[in-house]
Amino acid sequence: MIVFEKVSYQYPRGPSAIRDVTLEIKKGEFVGVIGHSGAGKTTMAKLAVGLLKPTKGRVLVEGMDTAKTPVSELARKVGYVYQNPDMMLFASSILEEVSFALRNLGYPESEIEERVLRALRAVDLNKPLSASPHALSFGEKHRLAIACVLAVEPDYIILDEPTTGLDYYRCLLLFEVLRKLHQAGRTVIVITHDLDLLARFSTRVIVLERSTVIGDGKPREVLGDVEFLSEHGFVPTHLLQLARRTGSEDLTPEGVARTVAARLRRQASA
Amino acid sequence: MLSGIYMEGRSLFHNLDPRAKLLWALLVLAASIAAQFNGLKSLPVFISTLIALSLSGIGAGLAALLVFNASVFLLVTTLVWAGMYASQGTPLVTIGFFRITDVGLLVASGKFFLIVNPILAFVVFFTTTKPYHISWTLEKMGVPSKLAFSFVIALSLLPGVVRAVRDVTDVQKLRGLSLDKGSLLERLRKHVPVIVPVISRLLSDVWDLSMVLASRCFGVSRKRSYVEEPRWTRRDTVFVLISAAFYLGVVAWAMRP
Amino acid sequence: MGNAAVTVRNLWAKYVGSGDWVLRGVNLEVREGEMLFLMGPSGCGKSTLLKVLAGLLPWVIPGTVEGEVLVAGVDVLRYGYKGLAGKVGVVYQNPEVQVVTRSVFEELAMAPENLGLPKEEVRARVESVAKALGLEDYLFKDPQSLSGGEKQLVAIASVLAMRPRVLLLDEPTSMLDHLGTRLVLDLITQLKREYGLTIVAAEHRVEWAVEVADRVAVMSDGAVVLEGSPSEVFSRVEEVQKYGVRPPGVSEVAYNLVRMGFPIRIPVRLSEMEEVLGGG
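Residue numbers (numbering that gives the first Met the number 0), protein chains in the order written: chain A, 0 to 269; chain B, 0 to 256; chain C, 0 to 279.
Rather than coming from a laboratory, the hints here were simulated on the basis of the structure.
For clarity, every value in this text was computed on a predicted model and none was experimentally measured.
Treat each hint with caution, since some may be false.
As the list claims (entries may be wrong) - DEER-style ranges, computed between Cβ atoms:
id	chain 1	residue 1	chain 2	residue 2	range
1	B	L201	A	P127	26 to 32 Å
2	A	E230	C	L276	38 to 44 Å
3	A	T54	B	W252	54 to 60 Å
4	B	P143	C	Y78	40 to 46 Å
5	A	E230	B	P158	31 to 37 Å
6	A	E230	C	P262	46 to 52 Å
7	C	W11	A	E61	32 to 38 Å
8	C	T188	A	E230	19 to 25 Å
Even glycine gets a Cβ: it sits at the ideal position worked out from N, Cα and C.
The task is simple: from the sequences and hints, build the whole structure.
Take a look at the structure:
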């Protein structure tokens with residue numbers, strides 16, 4: 000579990016980014032985090048991996064207090080995939096890139112290549128180990144960045160706006176990879192603006208606004224509540240609005256279609 | 000502060016015409032060059048830059064910071080130059096075979112001020128002059144329009160680089176990178192995972208920026224217009240005259256055998 | 000809407016160092032005052048097409064371009080962005096790179112100053128554009144301190160200060176949060192309605208496209224493969240999906256219904272879906 004106990008964080012010369020947040024993320028969840036810029040999403044992610052230490056309260060990762068544990072220790076439990084893969088890729092070969100964390104954290108040489116191959120398989124990246132990361136397409140670089148984090152095999156993985164720069168079908172591919180990871184037992188936490196993707200893939204949605212949590216629940220409760228979303232400045236997609244309109248609990252196009260089909264059949268027989 | 004060196008303010012220096020300030024900084028440089036062999040004669044110049052720092056609203060804090068950081072440099076300079084002039088003048092301090100003479104000390108301090116004075120003067124110039132006005136000044140001096148405005152542009156890339164360094168370092172730390180252990184050579188090598196992405200980011204920003212600028216007609220007209228042109232006032236004339244008198248006076252004094 | 004503001008005939012383009020052509024025989028026409036959306040998956044060429052229209056490829060970005068391109072009456076391949084001299088404004092994806100100066104006033108004044116316009120004219124334009132976009136209170140703020148959406152607003156304003164006839168948008172909201180997106184989309188919609196600008200937008204936001212676009216052109220592998228009004232294009236759900244474009248949510252739902260055996264017309268707008276549901 001990742002636990003936030005009455006956590007507040009204040010930037011050294013700035014406003015508070017997080018105020019009095021208490022929540023638990025259990026193993027096996029697929030959590031979506033939504034919020035406007037400055038609401039505190041990235042701050043929360045950084046607190047969870049120990050890059051930032053709380054100014055009040057504490058953050059526990061599998062019982063370890065992030066304020067007292069070195070960042071590299073925490074990295075074995077929680078992985079953080081940055082928004083822009085170009086900000087982390089530097090090596091001359093895929094092998095070197097993916098094994099970077101493993102070497103730094105002292106994994107034995109005998110394990111390294113196997114872990115690298117496992118990580119690459121998990122993200123569906125079928126390129127030779129000697130290939131240069133720079134030759135990859137943007138979508139492939141994203142998956143490579145995830146592989147770098149996966150090599151350590153953390154139980155929790157946080158992705159910060161992974162859909163930026165990807166078109167819809169590549170986003171779907173990425174989320175399918177995340178689903179695979181989720182099904183294999185990992186906890187996936189995604190910060191994103193894309194409501195339809197969360198509706199389809201997540202098991203829980205947390206809404207942040209102005210440093211506090213204003214919503215936390217199942218996707219159909221949070222994303223299905225179109226009025227709530229609009230009130231707080233979000234733009235509910237037409238699909239979500241239609242789901243609300245028709246009372247569909249399933250927020251995917253197939254699910255909404257089934258609800259509408261049932262209604263049309265009832266109307267026809269009436 | 001690093002998001003552009005310019006700091007908003009209303010000090011005396013902020014209100015001076017940028018041409019007057021540039022002239023002043025160059026006078027400081029000239030006087031420091033003239034007095035480079037005699038720290039005693041360069042001292043007034045140093046004091047004048049400290050006064051300028053406080054008159055720019057930057058204050059003693061930053062000045063103290065700069066001087067403190069310079070103290071290591073001072074020590075090194077003193078030893079090097081004093082050593083070179085160890086055979087001239089009367090010895091003041093003798094440690095083993097190392098001798099510091101009065102001449103040596105004067106030269107050492109002169110060389111120290113040669114570097115520090117102009118740096119402080121230009122710090123004052125850059126922190127009190129908007130990049131926009133710096134470009135204007137350069138153009139007035141005959142620098143081609145496009146090149147002069149490039150200055151503003153280069154500065155706009157700075158915040159991006161600073162942010163990139165911070166973010167990339169964070170991400171690589173999460174991958175277990177520790178930058179503070181190991182020998183000097185090892186530490187340099189360890190910085191590669193930070194340097195490569197930052198440079199990659201810088202190049203991509205430069206690329207994007209060149210497109211944005213072209214879209215804003217950069218270089219379309221040979222003579223760029225400036226809406227906010229500084230106006231030379233009587234205060235500027237007075238300032239320049241006083242500065243000229245003072246610094247040229249120092250030059251004359253320093254040149255006397 | 001009369002004359003063609005943008006004419007593209009048999010356009011081929013590629014970047015230097017790359018063997019493959021990114022644009023392969025693009026043919027397109029955009030009439031004055033029209034709003035055209037370019038849609039397609041990453042790599043289809045929409046961004047490259049915008050760069051050619053803006054006179055940036057091959058003038059700023061090295062590459063090879065062949066064909067005929069006329070924008071706002073200017074032969075862009077021959078004269079480049081300098082020949083356009085402010086007739087075409089471009090807004091890019093990343094708000095961070097589009098704010099260059101330390102005050103919004105300087106930012107808005109930049110393009111007119113670059114054009115060498117007289118001081119009074121520059122000042123007048125800055126004031127009128129700030130007024131039109133509601134940025135008067137922002138004039139002396141540091142653009143670096145603004146939110147992403149506000150930065151894009153400033154970017155759009157700086158472009159409008161050139162009084163362009165054609166506006167090119169390269170996914171202007173893809174890096175913004177919901178608040179910023181709303182801000183920018185509302186502004187662009189307003190610009191279209193009030194000023195009759197010709198707008199060519201590379202966009203993913205289908206649901207916005209159906210509300211404001213006059214025409215949509217779907218691109219795939221460097222050429223235009225589907226073209227027409229939003230209703231014409233997006234109701235062809237399977238084709239659109241095949242080309243890597245996501246159809247509107249309501250169209251996807253309707254398509255599923257059709258496959259379940261309900262013979263309904265495929266709507267593209269939420270309001271049209273209401274009709275299908277029988278208003279019940």
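A quick look at each hint next to the structure:
no.: 1; hint: B:L201 <-> A:P127: 26 to 32 Å; result: holds (29 Å)
no.: 2; hint: A:E230 <-> C:L276: 38 to 44 Å; result: violated (25 Å)
no.: 3; hint: A:T54 <-> B:W252: 54 to 60 Å; result: holds (56 Å)
no.: 4; hint: B:P143 <-> C:Y78: 40 to 46 Å; result: violated (22 Å)
no.: 5; hint: A:E230 <-> B:P158: 31 to 37 Å; result: holds (34 Å)
no.: 6; hint: A:E230 <-> C:P262: 46 to 52 Å; result: violated (38 Å)
no.: 7; hint: C:W11 <-> A:E61: 32 to 38 Å; result: violated (57 Å)
no.: 8; hint: C:T188 <-> A:E230: 19 to 25 Å; result: holds (22 Å)
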